[in-house]
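Heads up: the sequence shown begins at 574 in the working numbering, then just goes up one per residue.
One or more hints might be untrue.
To be verified - Cβ pair distances, simulated, as ranges:
(1) T808 x E989: 53 to 59 angstroms
(2) P861 x D831: 33 to 39 angstroms
(3) P700 x R1101: 39 to 45 angstroms
(4) E832 x L1143: 49 to 55 angstroms
(5) F665 x E1045: 54 to 60 angstroms
(6) G1113 x V859: 35 to 41 angstroms
(7) P735 x D788: 49 to 55 angstroms
Just so you know, the hints here were simulated from the structure itself, not pulled from any lab data.
Everything numeric in this text was worked out from a predicted model, so none of it was measured.
We put the CB at the ideal spot given by N, CA and C, even for glycine.
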Amino acid sequence: MKPKTMRVLRLLSEQGAAPSLALVLGLWPAAALGVPGEDGAFKAYVSIPDADQVAVVDLQFGEVVRFLDVGPDPRGVDASPDGGLVYVANRFGQSVQVIDTELDEVLETIDLSGVTTTEPYDVAVAPDGSFLAVAMKNGGGEAGDGAVVLVDLATGGIREVPLGSAASPEGVVVSPDGRYVFVAGRGGMYAVDAVRGASLGAVGRASRELVATPDGGWVLAADNAVSVPDMTAHTLPLQFPGRGMAITPEGARVFATDEGRLWAYEIDVQADPIDVRDLGEVTDPVGPAQRGAYGVDIAPDGSVGMVSWRWSESVQVFDPNTLEMLGAPISTRTATDGGEPKQLVIVAGAVPPPGECLLEATSLGAPAFDPQTGLFVQRVEVTVSASHGGGVYPEGPTVRTLDRQPATGPVGCLVEALELRVEGLEPGTVLYNGRVGPDGLPMIHYEGLLTEGDRVTFVLEYYRADRRPPGEPVFVVEAVAPETTPPVEGTRFEVLRSMWLEDGRFLVEFESEPGRQYAVEYSDDLNRWLPAGPPLIAGGTKTQWIDYGPPLTPTAPEKGLQRYYRVVKLP
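With these hints in hand, go ahead and build the complete structure from the sequences.
The following block contains the structure:
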């Protein structure tokens, strides 16, 4: 099963009361992320060097939809001006690969082994799409000098511009007018005349990344700014961290990483020299801090950004205006157990639209009597596949994983909710954790974003007063629209205790009045509360409720994660 994006929160025992620890895991759909959908959708392409892959991330639904195999140790990435192509520098493959962003497949490989023996480390596409600049890092020994390679994207012609053995270039950017290429290196900042294909030498101090302002007047890196075209270096009053850097389309803000955190800066290009103000860290108001901020980029319209967290093996969307993270981190772990994301680029465009979902329910065993509860328990697995009738990737599913568990993808279809109906029960049998549907059959309703390749295991509980077997259940499953759940009216009160059980389930205990009805609710963000199964009728002064996953909650409990719960005493 493909696990969902997970979020660490707390158990809410009572509004205003001190919470107790529990768990949460939840989805962050487009509305929760605040990421444009439909015509304003975005995808990110993230290099994963330790897996030799590029992750394709759908920002609208907040998940990795595909891993693309590329060359050894992919590093820098950049996109063509129209976003139709993404270029990936393969450091130890001596090549650059070209990805078609509509099909999400590798189109071609630009072989650089014949022109230099140094390592492709970063790429930048000219604003008019005419050429590609590749920063070639020194490999040491006989690997040659650091250089920039200029690739004519119309003819395929290649020109190498040596920078010197001390350059050790790691970052590259092309000026907005396409006239100059600037390189960030450990030996300094270098400028190249792209028209003549000639080095202009070192023009600034050492750095690892750099950005050009949209007006073309400045290049920023580390603690210095170089004015263009006079190539004069100016010392800034502060230092950009410079592991990864991105600038907003209008040129008002710069975001930079230090392999720890993501920082924001406000710049004024009208000042002489350019003025920079520290705005502080981009923070996550809800979840735990991720580790190892590395790559960063801003969407073409400036509405959202994304940062890669190297040590947490995830990426995360953020708001460049509020300086807050949007939604949960998105895991980049791959089927090969690699997952450290580095550089990334955001392009406009959505993943292929969903096709028709095919749902199948399979019993995982006959109902078994539980003497502790007096109920018969049966597990049923629902699998999701797609008809591929709706614009999916042409070659069909590809293996992916979000948490070291393989699953298929990309999003060939989409299910927001489903109903599992039960036929064939003996008279007098009650589906204890379900309800009766409009057709008179017992059923359960489940809400959670499911895509092609997902599997959900449901625990069904049957009750018979005579404790005889419930019959031979037959299951019918279909996708339905999510329900509009009105707020539960009643008194919310404190949970006495919560704890993990040995079998992996999670227990919540609360004081109760015999014969009174109670509802347990759960939430992943403290804003939208959903019922965790049907109401309970208390049999004593203390009531225990156990979360074992579907259909009570979207996923089975898992240690190390948290979910909000609250209990409501019904009128």
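Going through the hints against the structure:
1. T808 x E989: 53 to 59 angstroms: holds (54 angstroms)
2. P861 x D831: 33 to 39 angstroms: violated (19 angstroms)
3. P700 x R1101: 39 to 45 angstroms: The hinted range 39 to 45 angstroms holds for P700 and R1101, with Cβ atoms some 43 angstroms apart.
4. E832 x L1143: 49 to 55 angstroms: At 52 angstroms between Cβs, range holds.
5. F665 x E1045: 54 to 60 angstroms: Between F665 and E1045, where Cβ atoms are some 59 angstroms apart, the hint holds.
6. G1113 x V859: 35 to 41 angstroms: Since G1113 and V859 have Cβ atoms about 37 angstroms apart, the given range 35 to 41 angstroms holds.
7. P735 x D788: 49 to 55 angstroms: violated (30 angstroms)
Going down the numbered hints, you'll see the structure goes against 2 and 7, while the others check out.
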